[in-house]
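Going by this note's numbering, the letters in the sequence shown line up with residues 12 to 341, in that order.
Misleading hints may appear alongside valid ones.
What the hints assert, rightly or not - Pairwise CB distance ranges, derived in the manner of DEER restraints:
#	residue 1	residue 2	range
1	T213	R31	16 to 26 Å
2	D220	E54	37 to 47 Å
3	A276	K206	14 to 24 Å
4	A340	D242	14 to 24 Å
5	E54	G197	39 to 49 Å
6	P17	K282	31 to 41 Å
7	P153	P79	24 to 34 Å
8	N324	D115	47 to 57 Å
It is worth saying that the hints were derived from the structure and are not from the lab. Glycine included, every Cβ here is placed at the ideal spot set by N, Cα and C.
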Amino acid sequence: MHTPSPSRYSDSSIYKRCGRSGLKLSRLSLGLWHNFGDNVLFENARTLVLHAFDKGITHFDLANNYGPPPGSAETNFGRILREELAAHRDELIISTKAGYQMWDGPYGEWGGRKYMLASLDQSLKRLGLDYVDIFYSHRFDPETPLDETMGALAHAVRSGKALYAGLSNYNPDQTARAAAILRDLGTPCLIHQPKYHMYERTPEHGLIDVLAREGIGCIPFCPLAQGLLTDRYLNGIPADSRAAHDPRFLKPEDITEAKLAQLRALNEMAKARGQSLAQFALAWVLRQPVVTTALIGASKTRQIDDNLGALKNTDFSDAEIASIDKILAS
12 MHTPSPSRYS
22 DSSIYKRCGR
32 SGLKLSRLSL
42 GLWHNFGDNV
52 LFENARTLVL
62 HAFDKGITHF
72 DLANNYGPPP
82 GSAETNFGRI
92 LREELAAHRD
102 ELIISTKAGY
112 QMWDGPYGEW
122 GGRKYMLASL
132 DQSLKRLGLD
142 YVDIFYSHRF
152 DPETPLDETM
162 GALAHAVRSG
172 KALYAGLSNY
182 NPDQTARAAA
192 ILRDLGTPCL
202 IHQPKYHMYE
212 RTPEHGLIDV
222 LAREGIGCIP
232 FCPLAQGLLT
242 DRYLNGIPAD
252 SRAAHDPRFL
262 KPEDITEAKL
272 AQLRALNEMA
282 KARGQSLAQF
292 ALAWVLRQPV
302 VTTALIGASK
312 TRQIDDNLGA
322 LKNTDFSDAE
332 IASIDKILAS
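All chains, please: the whole structure from these sequences, using the hints.
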């Protein structure tokens, strides 16, 4: 059983209240989308989770389909909980989601009540838990009444299998309608998880305003653009990089000379602030008042440490924001 660092809560400034709720989240959360499935060494996954917890990161983000294979990230995280952190369950925020395909047939994906609640039961079994802290609808279902999907989230909370409800990948109008339904059901929406980074600004076109108005916290995923907004690609595509060996998410053809010139200019701005490019990009996301926490991924503990350095300075002047926008428009 792991003995956590006694100094893990020494800096209370790394926690922020989520929207208008009573829940505080660490300003960085560890996502288990990559590097926690059966395709990687379990010992490395264990090391990453324990290191994050020792550094004060209390929120661990999963989904039913994380792996590969789907479900394996939950199983592996459940093993880490059982073997290392069982005594510290009440110090952890553990989230999972349902929405993408998990099994064959008409009941294995999207937002129907049967799928959502069956998926949650399967997730709890893999995790070895009685409840998760946050249960998300992972994507909007255009063919299922929104009342039904939100009703499933509310039922999960009322049944004690989740403490809070969340949304992911919902547009502004869908989010506003979902929030109203959840509020009427007595289970207000806690948090929204959109893709948001310097190159993906869609949340700025209405979603951030909706979240602020509704009192919903925001947890952007991919804040580093799948590693693009780090020093990994400043000199091109390394042979061992994700873009080189797994182009499903970051394609080599997207890393153009023009994009590299932008990254180098952003990196110069980061250095002037005493930050790495990754810290700079995370701080840019965290500067938004509605953003509670940013979702990071990691394959090495030093990446976690570097990312945590972003919390030392998340303030940007108007001139800095204007310079960033000018670089990205070039």
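Mind listing which of the numbered hints don't hold for this structure, in increasing order?
Structure breaks no hint.
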